[in-house]
Amino acid sequence: MPRPLNILTGVYALAIYGFIFLPVAVLVLFSFQGTLIPVPPFNGPSLRWYNAVFADRRLMAGLWNSFLVAVFSSALSVFLGFLAAYGFARFRFPGKGPLNGLMTAPLSVSYLIIGMGLLISFNWLGVPKSLIAAGIGHVVINMPLCFAILYSQMGDHQVNIERAARDLGAAEWQVLGLVTAPMLWPALFASFFLSVTFSWDEFIISFLLTRFDNTLPVEIWSLLRSGLSPKTNAIGSLVFLVSTVLVVLLELTLFRKPKS
Amino acid sequence: MTDTLVQMSAITQRYGSLTVLDRVSLDITGGEFLVLLGPSGSGKTTLLNILGGFAQPTEGRVLISGEDVTHTPPAKRPTATVFQDYALFPHMTVGNNVGFGLRMRGVGSAARKVKAREALAMVGLPEAFGRKPHQLSGGQRQRVALARSLVVEPLLLLLDEPLGALDLKLRRQMQDELKALQRRVGTTFVHVTHDQEEAMAIADRIVVMNAGRIEDQGTPEKIYLQPATRFAALFMGESNILEGRVVAASSGRATVETILGRMDVAGTRDVGAKVSLALRPEHIQAGGTAPAGWVPGPEATLTETLFLGAHNRARIVLPDGTLLLARAPLSASPQQGVHITPMIDANRLVLLKD
Chain H
1 MPRPLNILTG VYALAIYGFI FLPVAVLVLF SFQGTLIPVP PFNGPSLRWY NAVFADRRLM
61 AGLWNSFLVA VFSSALSVFL GFLAAYGFAR FRFPGKGPLN GLMTAPLSVS YLIIGMGLLI
121 SFNWLGVPKS LIAAGIGHVV INMPLCFAIL YSQMGDHQVN IERAARDLGA AEWQVLGLVT
181 APMLWPALFA SFFLSVTFSW DEFIISFLLT RFDNTLPVEI WSLLRSGLSP KTNAIGSLVF
241 LVSTVLVVLL ELTLFRKPKS
Chain F
261 MTDTLVQMSA ITQRYGSLTV LDRVSLDITG GEFLVLLGPS GSGKTTLLNI LGGFAQPTEG
321 RVLISGEDVT HTPPAKRPTA TVFQDYALFP HMTVGNNVGF GLRMRGVGSA ARKVKAREAL
381 AMVGLPEAFG RKPHQLSGGQ RQRVALARSL VVEPLLLLLD EPLGALDLKL RRQMQDELKA
441 LQRRVGTTFV HVTHDQEEAM AIADRIVVMN AGRIEDQGTP EKIYLQPATR FAALFMGESN
501 ILEGRVVAAS SGRATVETIL GRMDVAGTRD VGAKVSLALR PEHIQAGGTA PAGWVPGPEA
561 TLTETLFLGA HNRARIVLPD GTLLLARAPL SASPQQGVHI TPMIDANRLV LLKD
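Going down the list, the sequences are from chains H and F.
My numbering numbers the first residue of the first sequence as 1 and each following residue consecutively.
My numbering numbers the first residue of the second sequence as 261 and each following residue consecutively.
Bear in mind the hints are in silico, worked out from the structure with no lab data behind them.
Just to be clear, a hint being listed does not mean it is correct.
Computed footprint of chain F on chain H, listed as stretches where at least three residues anywhere in the stretch have a Cβ under 8 Å from a Cβ of chain F [unchecked claim]:
#1 148-162
#2 167-176
#3 181-193
As the structure is a prediction and not an experimental result, all values here were calculated from the model.
Quick reminder that beta carbons are idealized off the backbone N, C-alpha and C, glycines included.
I would like the entire structure built from these sequences, with the hints used as guidance.
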């Protein structure tokens, strides 16, 4: 291959990765800014804005709220998705095809539409705006995802294993709890962390469905309304760090080749 | 232990317009090793599933120890199944696999361990207790599956082509072990296979199935030497089928005119009836000296011989074009194309039902 073309492909690759990661790199870099505005020149590194973040009660409350919403909504999504996947994988019933399609259909609906729909429905039902409402919203978006992942992992080769358990005297809940779920452990783990990742930085549904207690993305949004500050960079970097950890965990579970 | 353990009466299984089992009735005696033998699609596995409770028959009843279990779920039946793919719990150790049935019965952890170790020792795998199923070979997994089913002390052990996934040598070895194990524990075994050699090696009684019906049943010797039907004769090893007509009949004997001449066989048929006779290749000798009492057939042409070690397998063609499988002695070194007079052991002719 001629040398100029080699250089060109290198530059192109660099441009692509730069395009993707430069904004994040800039965000993280200026979270260590020592002065008041997160623009060049860079004065630092300094941890003063991280101190400010950890001293900010509202942000810390938002962090905790986000954590609660993410963990509980994800656990519920995995639980419901698992039961639904088991039903679709193991039983025959009328309308199975269309119902299966309906299960995963919300994946293609925008979060804005889902959020507005829930807002109107909750209004009509008299459910107040709250973290619980936002959590239900996150179950709506994450349950289809958990269902799709778990359904894809429930193969016919597990059918005989479940039959063996029943044959040896296991009741249905024992089959699910002692055999089916443990066999699907990597997929359960992966769908949980994928749900947590999506719930963690979800903004629009939380924005529409919360009022007094807010999740972190909503808090960051209200912080941004008062202009740029390295403090938003610092909290943004923290959010990014958590997301990265979750993605790495996912890589190690869902996308790892099974042993046998 | 010679009482009837299982009574299956008029079992019919339909899936839509497909009839998988057609009024099958079968009794199983306590302590016997029963083999359901048949080609794929014969209904043998469906019958086993109905016994195990994994399928409910469209019609008919299943009684185990006199109790109607037709609609009883597998968990509540005194049966245990060994699956073709072993179906071990992949996330549990071998010890926990074997102890699972006891755990479901509320047996405490310590007692479970003792019993699981005993069961593993019984199948010759005491060292596998702490391992995971994926660390074992196919034959070892098979033994673990056996131990897991036997540890709950079922009245009836159901085996669904348990040796199907093993290579030939291991399969023959496991056959012997399975038979020895059954003798030792005395549990009634119902074993499904399509391998007639396997069936002959292990069965006390073979039930030959085809197209949802029982074709024949009896000891391996009976099925081989006295097959009831054309299907049974052809499925259990090789056989020649001769068409003929009854020319004389008297108290339990019939004289049948066949291409090999007039043959006297056991069986009651009307004079003039068209019948079929079965004759094994080893009862037709092409060339060499035949044992005393064998009768000569019509002159035939030897078209093919195949060396099979203990003997030569031969094909001969009769003057009317009928092709027969026969044996040729190794010493005769038969030439293809030569004319011979085949010798026939007429006592071995079997009058078939169809």
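Results for each hint:
1. Under a criterion of three residues with beta carbons nearer than 8 Å to beta carbons of chain F, the stated coverage of the stretch 148-162 of chain H is upheld, 3 such residues being counted.
2. Only residues whose beta carbon comes within less than 8 Å of a beta carbon in chain F count, and the stretch 167-176 of chain H has 6; three or more means the coverage holds.
3. With 3 residues carrying a beta carbon less than 8 Å from a beta carbon of chain F, the stretch 181-193 of chain H meets the three-residue requirement, and the given coverage holds.
Violated hints for the displayed structure: none, as all numbered hints are satisfied.
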